[in-house]
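Chemist: Using the sequences provided together with the hints, build the complete structure.
Chains as they are written, first to last, in the working numbering: chain C, 53 to 305; chain X, 53 to 305.
Note that the list lumps identical chains together, so a pair holds whenever it fits in one copy or between two copies.
The list that follows gives simulated cross-link-like pairs (lysine-lysine, DSS-like), each with its CA atoms no further than 27 Å apart:
1. Lys290 <-> Lys56
2. Lys126 <-> Lys101
3. Lys219 <-> Lys290
4. Lys124 <-> Lys56
Just so you know, these hints were derived from the structure itself, not from any lab.
Note that this is a predicted model, so its numbers are computed, not measured.
Protein chains: 2
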Amino acid sequence: MERKIYIVGMGPGREDMMTGEAVRALDQADVIVGYTVYLELLGQRFQGKEMVSAPMRREEERCRLCFIEAQKGKRVALVCSGDAGIYGMASLMYEIGREYPETELVVVAGVTAACSGAAVLGAPLNHDFCTISLSDLLTPWEVIERRLKGAARGDFVIVLYNPSSRKRRDYLRRACDILLRVIEGSRACGYVENIGREGTRAEVCTLEKLGDREVNMFTTVFIGNSDSIILNGRLITKRGYGIERNIDFRRNH
Amino acid sequence: MERKIYIVGMGPGREDMMTGEAVRALDQADVIVGYTVYLELLGQRFQGKEMVSAPMRREEERCRLCFIEAQKGKRVALVCSGDAGIYGMASLMYEIGREYPETELVVVAGVTAACSGAAVLGAPLNHDFCTISLSDLLTPWEVIERRLKGAARGDFVIVLYNPSSRKRRDYLRRACDILLRVIEGSRACGYVENIGREGTRAEVCTLEKLGDREVNMFTTVFIGNSDSIILNGRLITKRGYGIERNIDFRRNH
Numbered sequence: 053m054e055r056k057i058y059i060v061g062m063g064p065g066r067e068d069m070m071t072g073e074a075v076r077a078l079d080q081a082d083v084i085v086g087y088t089v090y091l092e093l094l095g096q097r098f099q100g101k102e103m104v105s106a107p108m109r110r111e112e113e114r115c116r117l118c119f120i121e122a123q124k125g126k127r128v129a130l131v132c133s134g135d136a137g138i139y140g141m142a143s144l145m146y147e148i149g150r151e152y153p154e155t156e157l158v159v160v161a162g163v164t165a166a167c168s169g170a171a172v173l174g175a176p177l178n179h180d181f182c183t184i185s186l187s188d189l190l191t192p193w194e195v196i197e198r199r200l201k202g203a204a205r206g207d208f209v210i211v212l213y214n215p216s217s218r219k220r221r222d223y224l225r226r227a228c229d230i231l232l233r234v235i236e237g238s239r240a241c242g243y244v245e246n247i248g249r250e251g252t253r254a255e256v257c258t259l260e261k262l263g264d265r266e267v268n269m270f271t272t273v274f275i276g277n278s279d280s281i282i283l284n285g286r287l288i289t290k291r292g293y294g295i296e297r298n299i300d301f302r303r304n305h
Numbered sequence: 053m054e055r056k057i058y059i060v061g062m063g064p065g066r067e068d069m070m071t072g073e074a075v076r077a078l079d080q081a082d083v084i085v086g087y088t089v090y091l092e093l094l095g096q097r098f099q100g101k102e103m104v105s106a107p108m109r110r111e112e113e114r115c116r117l118c119f120i121e122a123q124k125g126k127r128v129a130l131v132c133s134g135d136a137g138i139y140g141m142a143s144l145m146y147e148i149g150r151e152y153p154e155t156e157l158v159v160v161a162g163v164t165a166a167c168s169g170a171a172v173l174g175a176p177l178n179h180d181f182c183t184i185s186l187s188d189l190l191t192p193w194e195v196i197e198r199r200l201k202g203a204a205r206g207d208f209v210i211v212l213y214n215p216s217s218r219k220r221r222d223y224l225r226r227a228c229d230i231l232l233r234v235i236e237g238s239r240a241c242g243y244v245e246n247i248g249r250e251g252t253r254a255e256v257c258t259l260e261k262l263g264d265r266e267v268n269m270f271t272t273v274f275i276g277n278s279d280s281i282i283l284n285g286r287l288i289t290k291r292g293y294g295i296e297r298n299i300d301f302r303r304n305h
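Modeler: Written as structure tokens, this is what we have:
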């Protein structure tokens, strides 16, 4: 029997922010595995399903659980928030999958917080950008610092994931201080909390002020590049299109 | 009358890779505006709609067209491939929107090629990454070069958009040569052509070989970071989770 596990990015949370492909993978699953909070975010539509949750920081056991369920002949879907391949479980599933060569892995892409957050803020990512997680659970702070510097020197728009947590209250402040060595304090920035969930809140400010703002593990932070501006409360990164003069377009009727 | 224009990311092309929100925005539109190729990609579902297409390089007129149609009282959706905010039309719409203060802009996020391409290749983005467009139509090559160096020094996974075109055949080669000054030739890389469309094709190779590969404007290129590996033909970026010993999970039944 052919065994497949679907590794599904559910987007920020709302069902209508999932792709059709992701909804279908969950509809067809016998068992849905995921971090408790994400399973709770799944709409009424999936509540009849067998759900298996493992707490945070137990990523490896959550993965093994998927293979164990698949070996029982069940159709398994592993849900991750956003995109399953971005700070998600996809790569760990492939690593552990070496022990289960009879099981095929299928990643179903989703809308990551950089994209869903940008849509709320305006258009901050409209040129080259990078994502950096401020969580040092799995990454030494020196590497995070090196990436912040590289991103600032490269004039990328920067999206910060996991900007803060109970144990890392001052990490956004620390990141801003590093960026301020390269970037001017008036740089246009913004942040979004609870994207696609209850209580979505978006703010824009300068890099100078950003470090003092209250953020949490559900906040995504955006630092503009040298072409970014705040326009009527929106964060916009210009692409610098030249004005076009000669109008010429076709209609289908 | 309240006027809204929806700026919709359609994902890579297949309708089931669009979000429910994006499908709804197009369903409810009186007129769908977009680059010819994207309008043709839209499924049977939308073919009854009034469609207005403007050719490539006419981004500004395509945007103005949306506001003109909205002023006629029509519900307008502007489609972009991938995510409308990533190398898309969102920021230009906000800039031109200054002239049309009575029209509200709503960006509907979509799955960008970095995410959809990563899902085909395996899990190459599973840590901090950046996107860089190799198109120098709107960006001086010096800026692109600066970003390539910043990304390599920061040890980011790098996703290259627009790696080549008829007029820029050697740009991927040029980009690889710049990266090879900082990154070893054996670095794990990959690329995907026609994501979510007819003839999807994915390949993995080393950075050394990447510059010689045939790519086109429908190819998305991935350069791994120092933790990336090629595993059974997949490109995987390790997150380095520690092994967990004590199994402890809950079932809903």
